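J.: Starting from the known structure of chain A, arrange chains B, C and D on it as the hints suggest.
There are 4 protein chains.
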Amino acid sequence: MDGEAGALEARIRASFDKQPMMRTLGAELASVVPGEVKIRAPITDAVRQHTGVAHAALSFALGDTAAGYSALTTMAEGAEVVTAEIKINLIAAASGDYLIATGRVVKPGRRLVVVTAVVEAVTGSVRREVAILQGTMVPV
Amino acid sequence: MDGEAGALEARIRASFDKQPMMRTLGAELASVVPGEVKIRAPITDAVRQHTGVAHAALSFALGDTAAGYSALTTMAEGAEVVTAEIKINLIAAASGDYLIATGRVVKPGRRLVVVTAVVEAVTGSVRREVAILQGTMVPV
Amino acid sequence: MDGEAGALEARIRASFDKQPMMRTLGAELASVVPGEVKIRAPITDAVRQHTGVAHAALSFALGDTAAGYSALTTMAEGAEVVTAEIKINLIAAASGDYLIATGRVVKPGRRLVVVTAVVEAVTGSVRREVAILQGTMVPV
Amino acid sequence: MDGEAGALEARIRASFDKQPMMRTLGAELASVVPGEVKIRAPITDAVRQHTGVAHAALSFALGDTAAGYSALTTMAEGAEVVTAEIKINLIAAASGDYLIATGRVVKPGRRLVVVTAVVEAVTGSVRREVAILQGTMVPV
Numbered sequence: 001m002d003g004e005a006g007a008l009e010a011r012i013r014a015s016f017d018k019q020p021m022m023r024t025l026g027a028e029l030a031s032v033v034p035g036e037v038k039i040r041a042p043i044t045d046a047v048r049q050h051t052g053v054a055h056a057a058l059s060f061a062l063g064d065t066a067a068g069y070s071a072l073t074t075m076a077e078g079a080e081v082v083t084a085e086i087k088i089n090l091i092a093a094a095s096g097d098y099l100i101a102t103g104r105v106v107k108p109g110r111r112l113v114v115v116t117a118v119v120e121a122v123t124g125s126v127r128r129e130v131a132i133l134q135g136t137m138v139p140v
Numbered sequence: 001m002d003g004e005a006g007a008l009e010a011r012i013r014a015s016f017d018k019q020p021m022m023r024t025l026g027a028e029l030a031s032v033v034p035g036e037v038k039i040r041a042p043i044t045d046a047v048r049q050h051t052g053v054a055h056a057a058l059s060f061a062l063g064d065t066a067a068g069y070s071a072l073t074t075m076a077e078g079a080e081v082v083t084a085e086i087k088i089n090l091i092a093a094a095s096g097d098y099l100i101a102t103g104r105v106v107k108p109g110r111r112l113v114v115v116t117a118v119v120e121a122v123t124g125s126v127r128r129e130v131a132i133l134q135g136t137m138v139p140v
Numbered sequence: 001m002d003g004e005a006g007a008l009e010a011r012i013r014a015s016f017d018k019q020p021m022m023r024t025l026g027a028e029l030a031s032v033v034p035g036e037v038k039i040r041a042p043i044t045d046a047v048r049q050h051t052g053v054a055h056a057a058l059s060f061a062l063g064d065t066a067a068g069y070s071a072l073t074t075m076a077e078g079a080e081v082v083t084a085e086i087k088i089n090l091i092a093a094a095s096g097d098y099l100i101a102t103g104r105v106v107k108p109g110r111r112l113v114v115v116t117a118v119v120e121a122v123t124g125s126v127r128r129e130v131a132i133l134q135g136t137m138v139p140v
Numbered sequence: 001m002d003g004e005a006g007a008l009e010a011r012i013r014a015s016f017d018k019q020p021m022m023r024t025l026g027a028e029l030a031s032v033v034p035g036e037v038k039i040r041a042p043i044t045d046a047v048r049q050h051t052g053v054a055h056a057a058l059s060f061a062l063g064d065t066a067a068g069y070s071a072l073t074t075m076a077e078g079a080e081v082v083t084a085e086i087k088i089n090l091i092a093a094a095s096g097d098y099l100i101a102t103g104r105v106v107k108p109g110r111r112l113v114v115v116t117a118v119v120e121a122v123t124g125s126v127r128r129e130v131a132i133l134q135g136t137m138v139p140v
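Chains as they are written, first to last, in our numbering: chain A, 1 to 140; chain B, 1 to 140; chain C, 1 to 140; chain D, 1 to 140.
Since the hints were derived computationally from the structure, they do not count as laboratory data.
Keep in mind the model is a prediction, meaning the values are calculated, not measured.
It cannot be assumed that every hint is accurate.
A pair holds if it fits inside one copy or across any two, identical chains being indistinguishable in the list.
Taking lysine to any residue pairs in the SDA-like style, the calculated list, with each CA pair at most 20 Å apart, reads [unchecked claim]:
1. 107 to 10
2. 18 to 50
3. 107 to 79
4. 18 to 52
5. 18 to 124
6. 107 to 127
7. 107 to 128
8. 107 to 140
So that you can see chain A by itself, here it is in the shape it has in the complex (with noise of 0.2 Å):
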């Protein structure tokens, strides 16, 4: 990893790390590179609903935290981002051994960045796409 890369990652971890929800729902990021950050978070029982499978809750955490990080990627050292607005779409159940979400940024912005999410769930080497997500963030 050159500097500027491992930099870029050790500002967006820094940030992970400090918050407290992440912690509580498992979640590891799992990469960063400008515009794309990857976080994944294992299907414990902690986060089930009754059904059996992950609450649509894990699956918006995980690609709300991973476009706000993206969007993040794009911003100069010192910035944060809020979510201003977020869609999910739930495309099938949440179920496997963990839920990874990517985030990407589809267009970047000094007043709005507009970002994008999957959310896949893998089980051993299968992975299917569980949720999508369409997205505001904003600079503050």
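T.: For chains B, C and D alone, coordinates are given in the frame of chain A:
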């Protein structure tokens, strides 16, 4: 509470109590009437994001679940409902003692139930709207 | 109508009258008060889809425009507003004599204005909700 | 074009040609393949908003219709589809010669079809994304 209202609340509560994610987030079912369900959760350290306010995923979890159960109140006993999609606009920082989400049915239906939710943050006797949601629940 | 209210309506109307798309769809500004704007349009052959009901784009056009102008009522003279994003749930077939959209400000703001809209279809003296919208307007 | 592909396009075109709203907006069906449909329309004076760019409702109309027809390509002959909900993020001013929307199926289904669309503005040989959509179509 008359028998019918009591039976409705008991039915929703039985489902709610089987949701580990709701326990993980410290959420409680606050009220159930036909077409409207309220869920609340304290803003504890476990659900904060790095800026100290509650993570958007808490507002989402409460709003989505309240909206889903509001849909379930319009359906026959034994029915289940899943979120097809839902969108959240975050309108203020989610700080305070607790959050309370009110989910409401806009349009019941055999195939799709259109719902909204409002999430408020409560600090002492002050209540502020922090998020609004609009989505679609599907009977399964 | 007092002078201030008249000035507000005149300001919104001046902008509305310069929108060729509104003329193309036969839309009229129906009412303007601070934080709430109504726009209506007849359901003519020109705006139908192949099934005979009004195309979702008519409900969208009226709802989005009413919501945008409701945001503009909260801003200083000379300001303009653009839609950052908006979501529509179609809840019933848009048939009848005309559609009327009511746009409302949920949360004004210097950087973002959160809005909703309801679109109703009117047939004689009967009114039915056909769509609801939730979105974000941005002052420019 | 082989017979099956030709039959699919003919089926979508027959439906498209019965949509008066598409004619009102000057829209044309540009391409049809399984799971993906493109629709384009010139940016004429009739579809502008007061700032001179195309009204958001044009991007919506093209994106929603392209997405709906992409869903229809996954369904049996004789089927129809309606939009349950769709969300649009406007990411750049819609100026240029024409807009072209590409609708795609993310997840086919018997009860719900999840779709996305991208709308691009074309000026000479330059193409820019102006909007993205994410929604749900329902077979009826």
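J.: Could you check the structure against the hints above and give me the numbers of any it violates, in ascending order?
T.: Violated hints (numbers, rising): 1 and 5; every other hint is consistent with the structure.
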